[in-house]
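Asks: Starting from the structure of chain A, add chains B, C and D with the ligands where the hints point.
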Amino acid sequence: MSDTIILEVARFNPEDGGEPSYQSYEVPLRPDWMVLDGLNHIKDQLDGSLAFRWSCRMGICGSCGMMVNGMPTLTCETLLMNYAPGPIRIAPLDHFPVVKDLVVDLDDFLAKLQKVRPWVVRKDDFKPAREFMQSPAQLEAFHQFSLCINCTLCYAACPVSGLDPNFIGPAAIALAHRYNLDSRDQGIEDRLDIVSQHEGIWDCTVVGECSVVCPKHVDPSLAIQQFKLTATKEWFKSFLLPRGKH
Amino acid sequence: METSSHDILIIGGGGAGLRAAIEIAEQDPRIDVAMVSKVYPMRSHTVSAEGGAAGVAGKDDTIDEHCYDTISGSDWLGDQDAIEFFCNEIPKELLRLEHWGCPWSREPDGRIAVRPFGGMKKMRTWFAADKTGFHLLHTLFQTSLKFSTIVRYDETFATRLLVEDGAVRGVVAIELRTGKIRAIQAKAVIIATGGCGRVFPFTTNANICTGDGMALAYRAGAPLKDMEMVQYHPTGLPFTGILITEAARAEGGWLLNKDGYRFLQDYDLGKPTPTPVLRSMELGPRDRVSQAIFGEFEKGRAFHGPYGDYVHLDLRHLGEHKIETRLPMVRELCLKYENIDPVREPIPIRPVQHYMMGGVHTDIDAKTPLAGLFAAGEAACVSINGANRLGSNSLGEILVFGARAGRSAIEAVRNGSAANENAILAQARDEERRIEERFLRRTDGTEKITKLREEMQRAMEKGCGIYRERESLVESANKIGELRERAGNLAIDDHSRTFNTQLTAALELGYMLDVAEAIVHSALDREESRGAHQRRDFAKRNDQKYLAHSVAHRSAEGPPRIEYLPVVITRWPPGERVYGR
Amino acid sequence: MSAGKRSNEPVVWFLFGAGGFLAAYFLPVHVLFYGLLFPTGLVHAPGYQETLALVRHPLARIYLFALLTFCFFHAAHRMRLTLSDVLNLRHLNTVLAFVCYGGALVGTAFTVWLLLTV
Amino acid sequence: MPQYTQFQPKEYRPKMSAYWYLDHWRYLRYALRESSSFFVAYFCVITLVQLAALGTDATRYAHFQAFMASPVMIVINAIALAFFLLHAITWFNLVPRVVMRQMLARPTPDIISSAPNYFAWFGATVILALFIMGVL
Ligand SMILES: Cc1cc2nc3c(=O)[nH]c(=O)nc-3n(C[C@H](O)[C@H](O)[C@H](O)COP(=O)(O)OP(=O)(O)OC[C@H]3O[C@@H](n4cnc5c(N)ncnc54)[C@H](O)[C@@H]3O)c2cc1C
Ligand code: SF4
Ligand code: F3S
Ligand code: FES
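Chains as they are written, first to last, in this note's numbering: chain A, 56 to 301; chain B, -6 to 574; chain C, 152 to 269; chain D, 629 to 764.
The following block holds chain A by itself, in its conformation from the complex (with noise of 0.2 Å):
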């Protein structure tokens, strides 16, 4: 087996007027390297003037996310080595726009994680001197889905994310389930007003993939469809009991 691998990498830079082309790096092929360790080689020793977001190198933080040889991965917890012989095709995120080179724009996703107000809603005044009681099997109902690091490979795996850029998009409504499922919260109603509409949660058509890619296994696929069920629930509700009637 070959000591080294080539990165065939995504290069794009606005003020060369340019269109975005691919550039080959030579990198050594170390058993225990990641993706992103070859990234850095080449920005430390080959190109220096190569952009790319990153940060923990731990899984954690979520800003390392990249179309590697099509698919959606977090750089810094995937191995070169699976990737052996190559070549590997390092790409910026699918369906965001491009600033540079792997730097996409995520502007719009941070406005769609706010619109679903994700935050413990009260409607009462509720202010206890202690913690709320919540037992294990409360904490369980939505703690998988509290596991979003925001790195949006799943909006990058969905194509509804390319085709409808309205979409709010698998995190943002797994992190809306994940309020609503909190036995603390009391948002439902608002946070329906605003997911249960066309481009929320009824965009999804199931592709599934964002549950695929997801580093986390939040399966924001999931939440969603279990929030069609609940919209559903509530609209029959209303429907029989219209709002303010009853």
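Since the hints were derived computationally from the structure, they do not count as laboratory data. Here the structure is a predicted model, which is why all the values come from computation and not from measurement. One or more of the hints may lead you astray.
[Claimed, not checked] Calculated cross-link-like contacts (lysine-lysine; reagent style DSS-like; alpha-carbon spacing at most 25 Å):
#1 A:Lys271 to B:Lys315
#2 B:Lys114 to B:Lys444
#3 B:Lys52 to B:Lys115
#4 B:Lys139 to A:Lys170
#5 A:Lys271 to B:Lys329
#6 D:Lys638 to B:Lys173
#7 A:Lys182 to C:Lys156
#8 C:Lys156 to B:Lys139
#9 A:Lys271 to C:Lys156
#10 B:Lys315 to B:Lys329
#11 A:Lys182 to B:Lys115
#12 B:Lys455 to B:Lys444
#13 B:Lys115 to B:Lys85
Replies: Frame of chain A, contents of chains B, C and D with the ligands only:
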């Protein structure tokens, strides 16, 4: 140049910065608060914290005991008034987090669960499995989204504080996406930029932990306190430096040398017992445990690997169920980065740089000596951590003092005076020119950023490792001085404006060198051994001379000026640190 | 996307879901027999009278009514989404909805009429 | 693409190709699953035709049977069967999971939610087959 102005500006979107922002928004919705962060807030390094946050919760525990553990943990270098304030506040802060939705782990009856932690006499560490920092940061970030008064400048890199007439009046910052250089004015500025682990080659810290805020304050004239106090965490994975949380030992993990022997018993840390005993053996404080591991290296009782010596952290006897429910992330990290399943194999670990006890000098109100400048979190030194921080006290610190800094800043805004805007903008234009001439338009530089960074890291490891001595410290100090010269001549290949990560790397290198200089010189000056600062040439603690904080002032030319400030002692006179007895 | 106007999609989604179950459970065996085994003669088909008697049983009528109606809506909903996403006809959303759900309603009408007159 | 002017960077916005479902096997799999709906509609119509024939008289029904025996129809029906199976399997792997999670409010292994459906499916198929064959 684009300018904007706010009442309060927070630099840093980690736990401390977000807590400050929420505090301000909650206290007074009329105050216009802005937050500058070089990464999106939820990417901040707080996200990596694993083990938990300490706060008195149980009935059999008292605030005084938490104070005592923290003070003795700090080797009596912590300020006792600050520690008392901290220990009183922290349970309220953790409760607030609970009300904001933090998924704390629970007891079967629905109460918050607590776990033991190193150096703590009682079980008082609140946790969210072993992703406490992640949950804490996301809870804070998501809660902050509720407030429309918080303006965010995400992915905006602060490069300099604007100081006029002895008061801080804002910052210059680069908007990374466009490369636009902005002057952001404010009546009060809070530094919450976190630690500087990247000064060292082998660290648990993320890539963004480059001490920017410490250097910004230092350059603007605020001193850095206790910088020689660098915490080494006993259990890092050998190649990456990724942290295996102390919770692994708190849940009952053992440290074994190459003979399978629980060697901590040889280092005055108590006698081995099958289940963990608080403040003993594996639950000793980090400085002592790291020193013990280093001792095994020196005695040749460790394993040798491609990345240096290591010992074993053994969790096998805990069983799969406990590991899966209490330490899922430990298992995930071991599988991914070491290809080891802790259920079946022991984990190779070695001590790794982890935390800065030192930072920007502040008082108990999070005020720095510079008017209008506040600091909180790992970037600041209040000091509650003294010569050694206890695990799980830092997440509490970012909350308590983040909020405190917020309140102090509000006060400053209310009592503030008008600024001379022209003078401030002139300074901002100066900074813009500096960035353009020294970096963006520079074509004649010869020094590689990567090379200088590596040389700095090597020098720091050599001089400021777990054990220090005069000779290597002097050598490192000279090296850092030399690197600072050479950093004036950096080679830049990327001259674009858009998301120029080479520019930020160059700026970060400058900050790290300033911080490194403060660390080395503070370490050189403290001729005693205390907590994390162990001098081979001065092996004893010296309360006569050094029951005091070192305070480093930057000087334009040459090394910093080191002064000492007395430690605040209230009810707990200095004594011997006793563990395991 | 402002707050307060929840989509009416739950109705069709409910029909889609119910139809999805019925289609999954029962359509394979239907097509297997009526579409493959009987026509090819691999299995001997019951005669006209037997089949008619089977269909005229009240339970069979109810069963067929449920199966066909829900399956029509299931198909209509999925066809609409497939056309709009796979063929990228999002801009024709209203037309598609009209055609697909309209088709399902027509199918339902025929089903009722045929089951009552058979 | 528009020109870059300083500080107004033009982002590169890749467009989804019109044939995006051919870009990855995982997308194609989805497109195929969704296509089952055309066959569902088709077969419902066939069943209506069958009912109409039954309701008319024996001759009509014989015509219908002859029509179904034509090679073209047999091929189409074979394809329809394949799509129905694809639909059934993807459905049973997906939907019961969601319902189960909603009811139990905690993660459960997939096998627990999907297995009962496979058994029920088998049972329903056998019973229905017996009716159709006129055994019951
Ligand atoms: C692996 C690991 C595990 C840990 N586990 C624990 C634990 O279990 N318990 C515990 O109590 N403590 C733990 N700690 C320590 C604790 O996590 C940190 O000390 C704490 O999170 C620091 O928070 P902060 O808000 O001060 O800084 P950070 O979270 O680091 O935030 C710094 C912020 O400043 C911004 N910033 C920096 N420079 C600039 C600039 N130039 N311009 C603009 N913005 C800038 C960054 O973008 C970031 O938003 C752990 C630390 C590590 C490394
Ligand atoms: S749901 Fe998963 S893939 Fe999507 S952003 Fe969150 S962690 Fe990433
Ligand atoms: S991939 Fe997309 S369509 Fe739905 S199930 Fe996931 S969001
Ligand atoms: S670098 Fe943080 S998730 Fe990869």
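Asks: Which numbered hints does this structure break?
Replies: 2, 7, 9 and 11
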